[in-house]
Amino acid sequence: MESTLVRIHNLAKTFGEGETRVEAVRGLDLDLARGEIVLVMGPSGSGKTTFLSMLGGLLRVSAGEIWVNGTDIAALGERELPPFRASTMGFIFQDFNLIAALSARENVEVALNIGGQSGGTARERARGLLESLGTGDRLDFPIEKLSGGEKQRVAIARAVANRPMLILADEPTANLDSHHGAETMRLLRTLAKEEGVTVVIVSHDQRLREIADRVLWLEDGQFKALQALARDPVCGMLIDPAQAPAELESDGETLYFCSSGCRRQYEEERLVAASQ
Amino acid sequence: MSVPLARRQLLFRKGRAVAGVAGIAAALLLVLALKAIFAGINDRLTAYIDKSGADVIVAQRGVDTMHMTQSALPEQTATAVAAVPGVAEARPILYAPAMIERGEARGIAYLVGDDSGGAPLPMATGRRARAGEIVLERTLAERLDARAGSGVRVFGRTFRVSGEVDGLASILNSVAFVRRQDLARVLESVGVVSYVLVRARPEIGGAELAARIEASVPGVTASTRAAFASSERRVVGDMTTDIVRAMILVGFVIGVAVAGLVAYSATLSQIRDYAVLRAVGLRVRGALALAVAQVGATVAAGFLLALALVWALAAILPRLTPTLVLAIRTADVALALVVAGAVALAAAAFPVLRVARIDPASVFRR
Amino acid sequence: MAGGSVPVAQRQLLAEPVKLAVTLVAVAAAVALVLLLSGLRRGMGEQVTLYLDHQAPVLVAQQGARDFLSQTSVLPEALAGDIERVPGVAEATPISQEYAMLRLHERPVLALLIGFDPGKPGGPWRLASGRAPSGSSELVLDRVLASEHGLEIGSTLEYRGAQLRIVGLSRGTSGFMTPLAFAPRTTVNALSRRPGTANFIFVRPDPGGSPDALAARIDRAIPGISALTRREVAANDRRQFVDPFSGPLFAMVAIAFAVAILVIGLAVYSSTAERSREYATLKALGLGRRALFRLIGVQAAGLALGGTVLGILLALTAARAVSELAPKYLIAISAGGVAAIAASALAMALVAALVPARFLARLDPASAFRR
Numbered sequence: 001m002e003s004t005l006v007r008i009h010n011l012a013k014t015f016g017e018g019e020t021r022v023e024a025v026r027g028l029d030l031d032l033a034r035g036e037i038v039l040v041m042g043p044s045g046s047g048k049t050t051f052l053s054m055l056g057g058l059l060r061v062s063a064g065e066i067w068v069n070g071t072d073i074a075a076l077g078e079r080e081l082p083p084f085r086a087s088t089m090g091f092i093f094q095d096f097n098l099i100a101a102l103s104a105r106e107n108v109e110v111a112l113n114i115g116g117q118s119g120g121t122a123r124e125r126a127r128g129l130l131e132s133l134g135t136g137d138r139l140d141f142p143i144e145k146l147s148g149g150e151k152q153r154v155a156i157a158r159a160v161a162n163r164p165m166l167i168l169a170d171e172p173t174a175n176l177d178s179h180h181g182a183e184t185m186r187l188l189r190t191l192a193k194e195e196g197v198t199v200v201i202v203s204h205d206q207r208l209r210e211i212a213d214r215v216l217w218l219e220d221g222q223f224k225a226l227q228a229l230a231r232d233p234v235c236g237m238l239i240d241p242a243q244a245p246a247e248l249e250s251d252g253e254t255l256y257f258c259s260s261g262c263r264r265q266y267e268e269e270r271l272v273a274a275s276q
Numbered sequence: 001m002s003v004p005l006a007r008r009q010l011l012f013r014k015g016r017a018v019a020g021v022a023g024i025a026a027a028l029l030l031v032l033a034l035k036a037i038f039a040g041i042n043d044r045l046t047a048y049i050d051k052s053g054a055d056v057i058v059a060q061r062g063v064d065t066m067h068m069t070q071s072a073l074p075e076q077t078a079t080a081v082a083a084v085p086g087v088a089e090a091r092p093i094l095y096a097p098a099m100i101e102r103g104e105a106r107g108i109a110y111l112v113g114d115d116s117g118g119a120p121l122p123m124a125t126g127r128r129a130r131a132g133e134i135v136l137e138r139t140l141a142e143r144l145d146a147r148a149g150s151g152v153r154v155f156g157r158t159f160r161v162s163g164e165v166d167g168l169a170s171i172l173n174s175v176a177f178v179r180r181q182d183l184a185r186v187l188e189s190v191g192v193v194s195y196v197l198v199r200a201r202p203e204i205g206g207a208e209l210a211a212r213i214e215a216s217v218p219g220v221t222a223s224t225r226a227a228f229a230s231s232e233r234r235v236v237g238d239m240t241t242d243i244v245r246a247m248i249l250v251g252f253v254i255g256v257a258v259a260g261l262v263a264y265s266a267t268l269s270q271i272r273d274y275a276v277l278r279a280v281g282l283r284v285r286g287a288l289a290l291a292v293a294q295v296g297a298t299v300a301a302g303f304l305l306a307l308a309l310v311w312a313l314a315a316i317l318p319r320l321t322p323t324l325v326l327a328i329r330t331a332d333v334a335l336a337l338v339v340a341g342a343v344a345l346a347a348a349a350f351p352v353l354r355v356a357r358i359d360p361a362s363v364f365r366r
Numbered sequence: 001m002a003g004g005s006v007p008v009a010q011r012q013l014l015a016e017p018v019k020l021a022v023t024l025v026a027v028a029a030a031v032a033l034v035l036l037l038s039g040l041r042r043g044m045g046e047q048v049t050l051y052l053d054h055q056a057p058v059l060v061a062q063q064g065a066r067d068f069l070s071q072t073s074v075l076p077e078a079l080a081g082d083i084e085r086v087p088g089v090a091e092a093t094p095i096s097q098e099y100a101m102l103r104l105h106e107r108p109v110l111a112l113l114i115g116f117d118p119g120k121p122g123g124p125w126r127l128a129s130g131r132a133p134s135g136s137s138e139l140v141l142d143r144v145l146a147s148e149h150g151l152e153i154g155s156t157l158e159y160r161g162a163q164l165r166i167v168g169l170s171r172g173t174s175g176f177m178t179p180l181a182f183a184p185r186t187t188v189n190a191l192s193r194r195p196g197t198a199n200f201i202f203v204r205p206d207p208g209g210s211p212d213a214l215a216a217r218i219d220r221a222i223p224g225i226s227a228l229t230r231r232e233v234a235a236n237d238r239r240q241f242v243d244p245f246s247g248p249l250f251a252m253v254a255i256a257f258a259v260a261i262l263v264i265g266l267a268v269y270s271s272t273a274e275r276s277r278e279y280a281t282l283k284a285l286g287l288g289r290r291a292l293f294r295l296i297g298v299q300a301a302g303l304a305l306g307g308t309v310l311g312i313l314l315a316l317t318a319a320r321a322v323s324e325l326a327p328k329y330l331i332a333i334s335a336g337g338v339a340a341i342a343a344s345a346l347a348m349a350l351v352a353a354l355v356p357a358r359f360l361a362r363l364d365p366a367s368a369f370r371r
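Residue numbers (this note's numbering), protein chains in the order written: chain A, 1 to 276; chain B, 1 to 366; chain C, 1 to 371.
Accuracy of the hints is not assured; some may be wrong.
Unchecked claim - With a cut-off of at most 30 Å between alpha-carbon atoms, the simulated DSSO-like pairs for lysine-lysine come out as follows: (1) A/Lys145 / C/Lys19; (2) A/Lys224 / A/Lys193; (3) B/Lys14 / C/Lys19; (4) C/Lys328 / C/Lys19.
Everything labelled a hint here was simulated from the structure, so no lab data went into it.
Throw the hints in and build the complete structure from the sequences for me.
See below:
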């Protein structure tokens, strides 16, 4: 099996015409390997959601190709996309997007139905997934009775139900506390490393850097060269040097910090190291 | 409030607003249309009497209607009535329902047998009936395809169509004119008349003349034209009261259901907005006013649409069914307005109850 | 999605019970209205032939006459004797009949007055109380009409200048427009100043005789008359009476259907639009177009069928209640009418589903990602 799952070539998306013309994404090239976790970051409005939508076959490309497991989804017809999505991709949404009228189990089950399974098999698999995620005791609860963390777990169960090759997650930790956020990160990492699922995450959350194999910076519709970005030596955050809140000259190189707090901490630590 | 908040909220979901207005309009239309149909029947009911030029109608004792009514007076009564001081003219008529046929087509008409073949009603085409001839109402003539000169069969005899009149037919019946002697022979009623139509001299009023006639001529009831017409209308009114009431009930139920449905989904989708407004400082009363204003506006728009629709129906329906004439009366419009008001009140209950319960702190909840 | 899958449509419908209830009530009201109005019209038709249905199977009328109620027919009463001499005739009974506008409590009240010869057929077939009229000023009145206007045995009412005394109340003679009253034929004739006449002559054939054959034979034998079977006269009467109401009924039915479709469409559309995020998600998950439309269709069909069934039950109950509380109205709901309504429920659902389906088709699955 080829190790590259996704090949993106010259991807572009333009909205509007004439005066209102906006190039949301311009000439993106990217390869994603199986089992890889890629984190896409960037300022609001940089095109991250547009990119994710195109990758998931939810938005038509203006130009370019997106090869997922050997199929150019940009060339698939309207009728071929839904079954392809159902069998190949899993989605995790920022606001969970669970169906309010269904119970926790039914939310997972409906994804299985869409993927072609029905009856007892679907129900059992839904139950199994939820149990393995620790929400086995909430199977028949209506969604509104679940906590944020529980809802996220149901959403993840739904995303993996049809054994997708690619998971697209939009701000998966945004509405969670640190405990559940960490748990979500753990789950995503397990999926990638143990099941070989490629995970593409769009987020502002710095913590996700910890599990990412690659961090991409999307700005003005293009992946900025990573070399152009600096890392804060204290907290590890990626910073655009041109807009760094704090910087420091040290040993002939410029260090960039996410805040004056990190820089102070760096200076203190250096003093401590120097005094030893 | 300078921002027309209620209007914006209402129009935010255009589809829902439109559907709500349309549904309420349909519910109110049920009432308006039915009332208009009955009013139309009523108008045509008295058309002949109204246009006959009679100030007083003399009938057999105890009779003050024409439709579905029998009245028989000896022919001499007409002479006796004519002799009463104040009477300018006394025209005897025979009046009987008859089936008018031409080929396979048939239609019922009230046959008026008078001595002039249709006077004083204006002729639409042709001329008044002479012996052996008949004047038909236009819609019946069309249905029978019996234009001037053609023959129709009445009581087994052939009558020649001499002309047409207009504006006398309702969905219930039509009017036709023949010579009194022709009708009397056919009905074995020679020497009998049904009514005497009396025109008063200018110096005397109808009511006074009617009283005078009753006092002078035995065995008759004399009614003013207004009283006679009113009695005729009362028959239809009494007969249709129950149906009208039932229709009002149904219209109300459906109206409340539609308005309630719209208010319900509108309120639910705006719950967050209400909470935010309350958090920002809007009082409960203000929030309630907002909810009620939306319901009120929807119902009001529905009422106006219903009016427009019944008006359109009144224009279109007679083209499809010439005898189905709608008459839109102010009293009926007022009735529909009352029903609309009741609908708005009832439908507003849900959003009011729901909005009153909103906790402004919920804005911070997920 | 195949059977055994999550019933999403059903769940969506049941998730908002108040909305579901209100929608069903509205549809039920519209459906019930249609059934009740058409049932009333049909019932009027049945009531109209009430008297005829209880008489002999052959009818003789004035030449050219083909209805009992709608038109005038006048015959010399001596004709009955001629008719009885026609072979195959067992008995010929002259009858006078007229619409009677009674004046009760200053109001005009319509009844159908039958003039018959006491002792001979043609009079009231069942009495609730009292006796049949024999004297010239005596009257038998329909029981329901009498009680509606506070009349009883012994009451007098004035009709066309004559004082008539009620000596009996008849049963099974009630009608919305034509409740029956019975008086001696000579009385009725006198009031119309038509002595020695009858409006119709009912003819009873010899046992085993065919009414159609007898009518034809009488027609040939006697000039200047029309001989008809009761069956065809009844059919003509029904048609003449009921046809004029077709136009108004059609208008009301059309409005009622429009309401039902609108309500269902509104309910389904608002649910869909309010849950557009969820539907976008389902689309993102891979739910295809056909499955989505089926979702909408099932919801619309559920509402339509539920409302229709409820409406049918409501109409049947109301019809029963009316017959108890206001027996002069006959609401005759036919099985055919119910079947037609049930079939139209599906049509309702289809039309109602159009707008929400279009909305769903255009729904951008990428909107699931939007904040």
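Consistency of the hints with the structure:
1. A/Lys145 / C/Lys19: holds (21 Å)
2. A/Lys224 / A/Lys193: holds (27 Å)
3. B/Lys14 / C/Lys19: holds (19 Å)
4. C/Lys328 / C/Lys19: violated (38 Å)
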